[in-house]
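*Asks:* These are the residues of each chain, in order.
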Amino acid sequence: MTTRGWITTAIAVVGVGLMVVSYLFWTTPACNTTVACSNPRVPFAAGIFVLGVLIAFSAGAFYSVYKGGK
Amino acid sequence: MTTETMTTKRELPQGIGRLSTGWIAFFAAMVAVTVVGLYAYFQQLGNGLIVTGLRDLGTGGGATWGLYVAYYVYFIGVSFAGITVAALIRIFKIEKLEPVARMGELLTVVSLILGALAILADLEHPWRAIVNLFEFGRPQSPFFGTFSMVIAGYLFASLVYLYVTSRRDAARLALQPSRFQGLYRFLAAGYEDTPEQRRIDRRATFWLAIAILPLLVIAHSTVGFVFGLQVGRPGWFGSLQAPGFVVLAGVSGIGNLIMLAAIVRWATKTEKRITVDAFAWLAKLLLGLLLVYLYFTAVEILTITYQASAAEQVLSDALLKGTYAWIFWGAIVSLVAAAVLLTWKALTRRWTIAAAVAAGILVNIGAVAKRYLIVVPSQTHGQLLPYPIGSYTPNWVEFAVVFGLFSLGAIMIGVFMKVFPIVPLEEAEQ
Amino acid sequence: MAKYAMAINLDRCQGCRACMEACKIENNTPQAVFWMYVFRTETGEFPDTKMSFMPRPCQHCNNPPCVKVCPVGARFRRGDGIVLTDADRCIGCRYCEVACPYGVNYYNWRTPTEAFAAYDVDFTDPEVEAVTGGVIPPYKNPDLDRPQGDEQRMTAGSAHSVGVMEKCTFCVHRVEKGLEPACAEVCPVHAIHFGDVEDPEGPLSTYLRERAGFQLLEELGTDPSVYYVGGGPPTAETREIERPLTEVQR
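Taken in sequence, the protein lines are chains R, Z and Y. If you count by my numbering, then the first sequence holds residues 49 to 118, one letter each, in order. If you count by my numbering, then the second sequence holds residues 6 to 435, one letter each, in order. If you count by my numbering, then the third sequence holds residues 2 to 251, one letter each, in order.
For the record, the hints were derived by calculation from the structure and aren't laboratory data. All values reported here derive from a predicted model rather than from experimental measurement. Don't be surprised by glycine CBs; every beta carbon is placed ideally from N, CA and C. Be aware that a few hints might be false.
[To be verified] What follows is a set of in silico ranges between Cβ atoms, one per label pair, in the way DEER data are often shown:
1) R/Thr81 - Y/Cys17: 29 to 37 angstroms
2) Y/Asp151 - R/Ile55: 25 to 33 angstroms
3) Z/Gly335 - Y/Val190: 31 to 39 angstroms
4) Z/Val136 - Y/Glu22: 36 to 44 angstroms
5) R/Ile55 - Z/Phe404: 30 to 38 angstroms
6) Z/Gln318 - Y/Glu46: 14 to 22 angstroms
Put together the whole structure using the sequences plus the hints.
*Replies:* Take a look at the structure:
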């Protein structure tokens with residue numbers, strides 16, 4: 049695979065990874081019976097999820113814009 | 006092509022950078038409507054949502070979600086078209102639709118922004134809402150999908166798509182001196198029109214399209230889940246809500262794209278590029294989705310009338326023969342009329358742009374009405390406890406804000422048309 | 002940990018609405034807001050009608066739809082069963098209001114001072130002052146402005162600030178002090194019982210064990226912490242005998 053391909057894949061993996069990890073482990077647990085169910089386990093977990101979405105899709109822009117490499 | 010080749014020597018194509026009197030009049034009118042909308046919005050921001058027609062449901066005898074939510078759902082629905090059409094072109098290589106791809110992507114971006122603004126208009130503390138959603142957002146709430154997948158993911162993905170597919174045109178326009186040359190150079194970001202670069206772009210857009218299509222289904226489904234998961238409101242709970250939202254999103258979106266394509270074709274004098282074939286293709290896509298939606302509607306009517314619970318019956322009476330009957334049957338008539346018109350055109354194989362546009366207008370009237378009917382009647386008439394029947398009439402503030410949003414969208418598209426070619430430039434020009 | 006619940010005896014309730022009044026005074030709720038509401042309904046055809054009353058506080062569900070849909074966790078259920086709204090976190094999207102099958106949520110459509118000021122009484126009038134002793138209602142219950150419970154969040158209703166949701170709190174500020182909710186305390190016929198339902202020998206558990214009862218809209222799976230004793234749930238025939246707020250047309 050080319051450098052372009054590797055970096056693009058890396059960006060996409062980081063983005064999707066952030067999405068998965070923040071969704072499953074950092075956001076508010078999917079329960080509704082205690083106070084803990086109303087607070088995210090990591091603050092701004094939802095923001096991190098959105099950031100993951102943005103990073104994942106910016107891979108497409110990178111793939112097109114990237115210059116150089118072999 | 007010859008005309009364009011001659012003009013490109015001195016002027017940018019498609020009237021970019023040149024303001025005609027017609028455009029200035031349009032722009033001024035849209036700004037005026039937007040200012041009225043802003044005035045209404047600031048009334049609301051200063052005094053609270055008491056200035057709207059919204060009230061508490063239950064003892065309040067009103068609807069707490071109204072026109073804003075209906076239009077939020079509608080705008081999100083319209084965003085369906087652009088990116089779908091663009092993705093279909095890349096995946097199935099439908100070249101006839103190539104000229105409408107960029108305006109479709111633009112329509113997606115603009116309508117998503119309008120959808121986000123419509124829901125922010127519904128909130129008294131928009132800034133707190135933005136901060137808290139990012140800080141405390143809960144995946145368990147159907148709204149999480151809406152703000153993260155739709156507003157952020159879908160909007161950003163569409164922007165990336167729009168950008169990747171626009172770079173070549175930006176690079177070409179950057180070659181000639183103009184007032185936007187710097188902008189084009191920036192957008193082109195060192196683009197070189199080589200076969201290798203084209204291959205890369207094709208691959209990038211193809212994979213983006215593949216990634217966006219599931220996102221599209223998820224995004225429109227989450228809007229359906231906002232309603233479809235609620236057991237406490239008669240008329241909302243049901244597994245048909247999510248697919249119904251996706252399909253009606255397609256109907257309203259394609260309808261809008263047809264209207265926009267007709268306007269752009271006339272305004273930029275690109276009759277040779279945007280052919281009747283393109284409209285025929287969009288109209289056929291519209292017909293297919295419309296028939297599926299009419300089927301869903303028939304299923305829905307049967308379900309709420311056959312042997313429904315008492316609370317559901319109150320609601321279906323209000324819909325079919327009560328307070329909301331004129332909206333409901335108005336929606337059905339316009340959707341069926343559009344379906345009949347398109348079927349007739351499909352059978353005779355004589356497509357006209359006028360027919361496609363007429364269908365586009367009809368389905369959008371139907372779509373707005375259906376969105377309103379999903380949001381409001383279940384609150385005023387869908388009570389499980391013996392509360393009195395409520396009523397809700399949107400007032401001038403809500404209408405002003407919604408019209409303001411529409412004109413804001415028109416401004417965005419109008420300005421884009423004056424800065425960048427909304428119809429992709431022709432291949433063999435040099 | 003205790004688990005709070007309420008038992009409402011419909012055979013006892015006489016529809017005096019003293020609980021609604023007590024709630025308004027305790028929680029300083031604005032006009033048109035009824036954290037506690039009493040349905041006065043009738044069934045049957047004239048002259049064979051039957052009248053019945055049903056108090057409706059927030060049901061404090063054990064499986065609360067409002068908590069599920071809240072996008073920011075402003076609406077939450079405490080371990081002791083009380084469902085509360087964090088006024089500082091609420092973004093006012095009103096999703097809880099449409100998700101609730103009981104219609105117990107109220108949105109602050111405007112700043113409450115405006116609503117409070119709508120009494121037709123001039124409190125500076127010396128004759129009025131002689132009665133009120135110079136107190137200008139609604140005075141504000143200072144407890145409402147304090148963060149409540151272990152979680153220390155602004156859940157007691159506080160300023161009823163514009164643009165956020167509010168609803169019955171089971172008078173969390175009173176419960177924290179070991180008191181009953183205002184409605185339970187004021188009921189002249191002792192129709193409203195409040196207590197710990199997980200204490201098997203406690204008065205509430207004993208009371209419920211001895212009587213047949215039901216939960217409102219049980220079939221929705223919300224599992225309310227409010228149990229009704231005696232009477233029966235409203236049926237499709239049940240209609241309210243008054244139109245509470247706005248003159249609405251069918």
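*Asks:* Measuring from beta carbon to beta carbon, are Y/Asp151 and R/Ile55 in 25 to 33 angstroms?
*Replies:* Since Y/Asp151 and R/Ile55 have Cβ atoms about 48 angstroms apart, the given range 25 to 33 angstroms is violated.
*Asks:* That 14 to 22 angstroms hint for Z/Gln318 and Y/Glu46 (C-beta), does it hold up?
*Replies:* holds, 19 angstroms
*Asks:* For the range 36 to 44 angstroms, tell me whether the beta carbons of Z/Val136 and Y/Glu22 fit it or not.
*Replies:* holds, 38 angstroms
*Asks:* Confirm or reject the claim that R/Ile55 and Z/Phe404 have a C-beta distance inside 30 to 38 angstroms.
*Replies:* violated, 50 angstroms
*Asks:* Can you let me know if the beta-carbon spacing of R/Thr81 and Y/Cys17 is within 29 to 37 angstroms?
*Replies:* Taking Cβ atoms as reference, R/Thr81 and Y/Cys17 lie about 35 angstroms apart, which means the hint holds.
*Asks:* If I claimed the Cβ atoms of Z/Gly335 and Y/Val190 lie 31 to 39 angstroms apart, would that claim hold in this structure?
*Replies:* violated, 52 angstroms
In summary, the structure is inconsistent with hints 2, 3, 5 from the numbered list given earlier, while agreeing with the others.
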